[in-house]
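Residue numbers (this note's numbering), protein chains in the order written: chain P, 150 to 558; chain D, 0 to 246.
One or more of the hints may lead you astray.
Okay, derived cross-link-like pairs now, BS3-like style, lysine-lysine, Cα gap no bigger than 27 Å in a straight line [what the hints assert, rightly or not]:
#1 D/Lys47 - P/Lys330
#2 P/Lys190 - P/Lys213
#3 D/Lys223 - D/Lys144
#4 P/Lys289 - P/Lys330
#5 D/Lys181 - D/Lys152
#6 D/Lys211 - D/Lys152
#7 D/Lys184 - D/Lys223
#8 P/Lys289 - D/Lys152
#9 P/Lys289 - D/Lys181
#10 P/Lys392 - P/Lys357
#11 D/Lys52 - D/Lys25
#12 D/Lys144 - P/Lys289
In case anyone wonders, no lab produced these hints; they're calculated from the structure. No experiment lies behind these values; they were computed from the predicted model shown.
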Amino acid sequence: MKNSGTKLWDFGSIPMIEPEYLGSILAAASDIALVVTLKGKVLSVLVNDNDRSLGNLSHWEQRKIHDFLTTESIPKLEAVFAQFASGQNVLHPVELNHRDNAIWQFPVSYSIHRLGDADTLLMLGRDLSSTAETQQQLVKAQLAIERGYEERRDFDARYRMLLATMQEPVVFVSANDGRIKDINAAAINLFGQNTNDLEGSVFSQLFKNRRRGEFQDALLAISSKDQNSDMTVEDVKLGRRFKIKASLFRASGERLLICRLISENDTSLKDDITTQNLLSLYNLGTDGIVFTSANGFIEAANEGFLDLINTANLGDIKGRSLSEFLARGQIDLAVMLENVTRSGQVRVYATKLQNAVGSKLGVEVSVVRLPSDARETMAFVIRDTNRLKKAQRLRSPLRISANLMWQNW
Amino acid sequence: MSNLAQRVLRELGQKAPAEAREQIQKTAHWLAVTCSTPGSYSHEAVLKALMQKGVSNELLIDVCIPEAARTLGAGWNDNTRSFGQVSLGTVRLQGLVQELSAQWKFNPGIHDQPSVLVAICGDEDHILGPLVLSDQLRRLGYSVKLLLGATEKDVHDNIETGFFDMVMFSCSSVVSLDNVAKVVKSLRQEISDPPILLLGGAVLGQAPEIEKLVAVDVIASGLKDALEQLESRQVVKAGKTKAKVSG
């Protein structure tokens, strides 16, 4: 590299550098300059005077550089040493993470050069602390975003639980296109369809004689009035009449309508003990209870009835005729409806229920016509007679053995 | 066969057809390259492109994104990717996990699901693993609270009020293991019957006899390992006994 005849390098006009100045030049040209042996012993450390962030690193001298590297950086440097030991040069920069005083870490990008002496290397390092700082800021921003997501999840869970457990049917509708954005379980049950079919569909299609634009305008109109304003609609499937109360709000710039559906037949629930007990009987009772329209189309049924016909979801049977689940079909239903319409009630009607796969079950049915201002509702209470017979068989021997016991005493 | 190919085979078994497995590998590579490119990057465009690759959200989160992160790390190790590229790429991958995991729908249920506190203590900045773990647990029906940058007090407060079945500590290095050890020690001292304490993360390959450094009940190399250990009644019983003794 150097021309022995002059003090200039032969490929340019840079003069020879005296050894006493070389150190300061190297230190100034890099943020950190190390002279190390191929075994990793640090012979000298030069730190740029203008960059005081690295502090005094003189304690590195005469110690192994490995002591000041993070775990993942050691194999990288070992690989570089191995390359130099085998006579190869390393032309690409090598990034290493230094550690000092246990916690303090800083990344440095080194260009590594062989010195004249075959066993020593010059490592010229560029401090990447500013990049690391930027990375830390990025990570912090990411953590903040993630915390935001977590809070959102928390809020979302509460919102979903509220929607799932509230008994009032609620539908969120986009004010722009009239499509359903979200719908709660009560509303899904009401319409007897699955969530995927309802979400994204046009809300007005669920009701008779309603065009999307006109329906949307009507919803917006009642939402702008007082809270008691409502509009009456009739659902396509079963012809039930509802009142819709709507409120307009904005969420992230989008205009949404929250629509609450109130059945016209639905007298408001009284929060008294009898009402609560009746609800519990409906929800927990083993006898099947089914409410139908006057012509026998299922509007609601309890778990007891779903068990009797081996069906998992109410949605699967809602809107279907009860006759589909009776062994003699329409004949059974017609007999019961005719009698209940005439006399207001049917005390006991023995027949068989059949489930979707055709298996039959003996039952006793009692029917009551429920008075209503708008339209009639029929209530069917269905009891499994096989279970009844089994219970009777079990009861008899017990009674006998009890009598015997009394006699023996 | 590459490591990824082996992992895909191991994790998916023969369920995924060969074309799907190849697509998964290609997607992981594409993600590593795209996310570490210093030029303009559009989160939305990448998400859109990902959706068109025909790989499910589940496989993207469980296989492709972690593999892309491993590729970035390997790039730093062999000096083909810079520290800046790896940092940027990892943050972008984390953003993708957040976006994709948010697309899972919360399924309201009133039954009592197992609940897990995933805690990342102190200044730990490797959060991709815990994000993936949390999403996997949520998909399995667990109720998960993710605690980032958790202090000793944060973990205490959450255990006291949260009724967690277990606390999973995720730790990536020996340096941050000290933090976890301190938190676990104080939990043992101050809470009479703590939930099962579990440790996982990249630190497991870095320190020998880690169980002597941190007094957790379970040390697991991954979710499958953790759940297998937790499902065995002996571990739960041992964990509870240990907790009571130390408490």
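Hinted pair D/Lys223 and D/Lys144, Cα distance within 27 Å: holds (19 Å)
27 Å Cα cutoff - pair P/Lys289, D/Lys181: holds (23 Å)
Distance restraint between D/Lys181 and D/Lys152, which requires alpha-carbon spacing of 27 Å or less: Judged against 27 Å, a Cα distance of about 11 Å means the pair holds.
Distance restraint between D/Lys144 and P/Lys289, which requires alpha-carbon spacing of 27 Å or less: Holds, at roughly 19 Å.
D/Lys211 paired with D/Lys152 [C-alpha distance capped at 27 Å]: holds (23 Å)
Restraint status (C-alpha distance of P/Lys289 to D/Lys152 at most 27 Å): Status holds; Cα separation ~20 Å.
Pairwise hint evaluation, P/Lys357 against P/Lys392, where the allowed Cα distance is 27 Å at most: Distance ~13 Å between P/Lys392 and P/Lys357 Cα, so the pair holds.
Straight-line alpha-carbon gap P/Lys190 to P/Lys213, limit 27 Å: holds (4 Å)
Restraint status (C-alpha distance of P/Lys289 to P/Lys330 at most 27 Å): Violated, at about 34 Å.
Hint consistency between D/Lys47 and P/Lys330 [alpha-carbon to alpha-carbon, up to 27 Å]: Judged against 27 Å, a Cα distance of about 22 Å means the pair holds.
Restraint status (C-alpha distance of D/Lys184 to D/Lys223 at most 27 Å): Distance of about 26 Å is within 27 Å: holds.
Distance restraint between D/Lys52 and D/Lys25, which requires alpha-carbon spacing of 27 Å or less: holds (9 Å)
Checked against the numbered hints given earlier, this structure breaks only hint 4.
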